[in-house]
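Peer 1: Below, each chain spelled out in residue letters.
There are 2 protein chains.
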Amino acid sequence: MADEDEENTMNILIATDCHLGYMERDVVRGNDSLVTFEEILHKAKELAVDFILLGGDLFHENKPSRKTLHGCLELLRQYCMGDKPCPVEFLSDQAVNFGESRFPIVNYEDPNFNVGIPVFSIHGNHDDPAGMGNLCALDILSVAGFVNYFGKTTSLEEISISPVLLQKGATKLALYGLGALRDERLHRMFVRKKVSMLRPTESKEDWFNLFVLHQNRAKHGPTNYIPEQFLDDFLDLVFWGHEHECIIEPCHNPVQNFYITQPGSSIATSLSQGESVKKHCGLLKINRRNFKITKVELETVRPFYMEDVVLSETSLNPEEPEVSKQVEAFCSEKVEAMIERAESEHTGNPRQPDKPLIRLRVDYSGGFDLFSTVRFSQKFVDRVANPRDIIHFMRKKQVDKKDFK
Amino acid sequence: MADEDEENTMNILIATDCHLGYMERDVVRGNDSLVTFEEILHKAKELAVDFILLGGDLFHENKPSRKTLHGCLELLRQYCMGDKPCPVEFLSDQAVNFGESRFPIVNYEDPNFNVGIPVFSIHGNHDDPAGMGNLCALDILSVAGFVNYFGKTTSLEEISISPVLLQKGATKLALYGLGALRDERLHRMFVRKKVSMLRPTESKEDWFNLFVLHQNRAKHGPTNYIPEQFLDDFLDLVFWGHEHECIIEPCHNPVQNFYITQPGSSIATSLSQGESVKKHCGLLKINRRNFKITKVELETVRPFYMEDVVLSETSLNPEEPEVSKQVEAFCSEKVEAMIERAESEHTGNPRQPDKPLIRLRVDYSGGFDLFSTVRFSQKFVDRVANPRDIIHFMRKKQVDKKDFK
Ligand SMILES: [Mn+2]
Ligand SMILES: [Mn+2]
Ligand SMILES: [Mn+2]
Ligand SMILES: [Mn+2]
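Protein chains in written order, with this note's numbering: chain R, 12 to 416; chain C, 12 to 416.
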């Protein structure tokens, strides 16, 4: 892809699952989600992208607290309002794309708002429409003119997705969005051929087709996920939200012949392996039918280290008297090593928190005694962000439970 | 006051206590508050006022529902955004007036928002700052650029109020605002001389001084209100929020030599006498040091009729057999008459609801028996908005409890 062909290249910052408000009442971690959301917006501004595309779960709670809603609006106003003209032409019928909105107009074309970097977003399962008026938190951002919320469906029977059609120079983007639905329901609709993606009638082949969705990608049960092959094969790229592990590097699906990018969350909402992978947002460049994603490391994410130990594979002997103390000392050392590693691997970004998240999974099968995690936590209370749940005791290769994202 | 001197006349729409979201889950009454708020904004637009001034309790709940917040933003976007230039110059230091805001700039001067009719508001006791970050619902409207929220104080010890200084032609307005505080606390601060109102240093006499506050005006207890004489006598006009009865006609206080206008709420939140008075907003015109308030009837307010009967003063005889049935029939007739009156006095505005609020207070002292209000309500369930609490039984001139506004 020709890097210099700027006037025909759409630059999109992609990010997802920011979970604003996660642990907001925690004295240590309360601000983490907003800090990294600010970093994402800051990067979008630095990179002078044409727009930002979010994949759902912007908010952690369906009803975000006033503080979190306020913090989000504050950041959007600070970073996304402004004089920078958006060089992307909006071609599709806005009354269709934003049909669920009281003001079905893309914010950067509304003469009452001066939008520098438009944000487009679908909803996730954490911030889906609910309650009176079937509204979600994104509807608040949308009615305030701060976000272009799309991909809201109302029918429970069938879905037809009309793309947002955008053009910059010779590049034409058909952007399909589908906000989170219950996996089983959407799975069933796919099986029954009740999901259709509408395509531009003319010069179909000129369009780059991008689909953003927020569903289980991993198989949690027979119908509790969306198999990749369910998705239309005319797609060029699928932006998969909801899965928190960062696998942003496009992954080719050879059967469907499309790519999938999974940016992953910008904050760890569980102490699982997938969340301990380095977190990124991405710069998606689209030039005609070609694209490239550049990983952009998020430097303000709280460091998170995770390790497994199997006591029976160590030199510790469950028969020895006081072995429990030895186990505790052994675990302490492990944790100390992770804390040190966190220190040495600090990104240098002044807004990255110092206190890391630490998780040590201890397989104690083979007759070992547990030790008191309360006492253990006290040793690390000032140096670890999650002192109370550092240690996770388990037995014999217990399967790592997938957390709800 | 010269009516034609437009270029030197500030036109302000004054309204208060809109209580958005009041009874929002009631099938019949759920939308009343938003309907009348829309009428107020519509009138502001029709009258082409320079700005709107609200006196607190814009929201009924401290944490408005998503639907109510959304509805409010929707209306503000529809009516208050737009190309009409605001001819009022802002003279004071915005960093002081809006010091509690992350964006201390009046919205109509912010280049990112195209504001047609600015709204200025203080908070009431229903929508006062609380919780994490000490934020209130108006902070959400403010950070979104929709409302200029002022009069937020943080010190519990003393208050000094810096006016918003506005000028239009030869008219200079010093607008003082004080969001609701606990009456006892503010009363004590006044007694201890801890409340001061700062005045412009130069040409003091040129300014028209308007103070908007949201406190008890009626004496509910020794210190549970703010006596009018506590307020500075340099004031020209006091805009008193919180009291729901419409007494918008300026009332002269001869001791302090200022006027008080009490617009009253735009929706009845209790079935009390004060709330049954016709509701208005006002057009406040200020020309140099003179002012005039024109009452503007609110035509969409749900009709509310209230009547008292004292059974012992009627021809009904408590000794008669079946008198309870006679009493019920008597009350039915009264209610029927009020319903008829509501029909005949309908404003004709298509958005004024048909079903009235009806309250009949029945003094049954003198040995009368009560009748079943459940059965009574069934007669009116389709014709009255509050069938279940039409009748209020009481004895011997029981003092009408003041409801919490
Ligand atoms: Mn999710
Ligand atoms: Mn998520
Ligand atoms: Mn009040
Ligand atoms: Mn009130």
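Hints are computed from structural coordinates only; laboratory data are not their basis.
Certain hints may be false.
Taking lysine to aspartate or glutamate and the DMTMM-like style, the derived pairs with C-alpha atoms no more than 25 angstroms apart in a straight line are [what the hints assert, rightly or not]:
no. : chain 1 : residue 1 : chain 2 : residue 2
1   : R       : 56        : R       : 15
2   : C       : 74        : R       : 85
3   : C       : 95        : R       : 121
4   : C       : 56        : R       : 15
5   : C       : 95        : R       : 120
6   : C       : 95        : R       : 94
7   : R       : 95        : C       : 94
8   : R       : 95        : C       : 120
9   : C       : 74        : R       : 72
10  : R       : 56        : C       : 120
11  : C       : 78        : R       : 121
12  : R       : 74        : C       : 85
13  : C       : 179       : C       : 120
14  : C       : 56        : R       : 120
15  : R       : 74        : C       : 37
16  : C       : 74        : R       : 37
17  : R       : 95        : C       : 121
Computed from a predicted structure; not experimentally measured.
Peer 1: All hints, please: hold or fail.
Peer 2: Now for the hints, and whether the structure bears them out:
Distance check on the hinted pair: residue 56(R) and residue 15(R) sit about 19 angstroms apart at the alpha-carbon level, within 25 angstroms; holds. Restraint check for residue 74(C) and residue 85(R): the C-alpha separation of about 19 angstroms stays at or below 25 angstroms, so the hint holds. Annotation: proposed proximity of residue 95(C) to residue 121(R) holds, straight-line Cα distance about 15 angstroms (limit 25 angstroms). Straight-line distance between C-alpha atoms of residue 56(C) and residue 15(R) comes to about 50 angstroms, which puts the hinted pair past the 25 angstroms bound.
With a C-alpha separation of about 19 angstroms, the suggested pairing of residue 95(C) with residue 120(R) holds against the 25 angstroms cut-off. Simply put, residue 95(C) and residue 94(R) have alpha-carbon atoms about 21 angstroms apart, close enough for the 25 angstroms limit, and the pair holds. Distance hint between residue 95(R) and residue 94(C) is fulfilled; the C-alpha atoms sit about 21 angstroms from each other, no more than 25 angstroms. Of the pairs offered as hints, the one joining residue 95(R) and residue 120(C) holds, with about 19 angstroms between alpha carbons and a cut-off of 25 angstroms not exceeded.
Restraint check for residue 74(C) and residue 72(R): satisfied, since their Cα atoms lie roughly 15 angstroms apart, inside the 25 angstroms limit. The hinted pair formed by residue 56(R) and residue 120(C) meets the criterion: a straight-line CA distance of about 24 angstroms does not exceed 25 angstroms. Pair hint residue 78(C) plus residue 121(R) holds up; C-alpha atoms about 23 angstroms apart against a cutoff of 25 angstroms. In summary, the hint linking residue 74(R) to residue 85(C) is supported, as the alpha carbons are separated by about 19 angstroms, within the 25 angstroms threshold.
For the hint linking residue 179(C) to residue 120(C), the alpha-carbon distance of about 15 angstroms falls within 25 angstroms, and the restraint holds. Distance restraint check for residue 56(C) and residue 120(R): the Cα-Cα separation of roughly 24 angstroms lies within the 25 angstroms cut-off, and the hinted pair is therefore satisfied. Straight-line distance between C-alpha atoms of residue 74(R) and residue 37(C) comes to about 21 angstroms, which keeps the hinted pair within the 25 angstroms bound. Note on residue 74(C) and residue 37(R): the hinted pairing holds, with a Cα-Cα distance of about 21 angstroms set against a maximum of 25 angstroms.
For the hint pairing residue 95(R) with residue 121(C), the CA-to-CA distance comes to about 15 angstroms; that is within 25 angstroms, so the pair holds.
Checked against the numbered hints above, the structure violates only hint 4.
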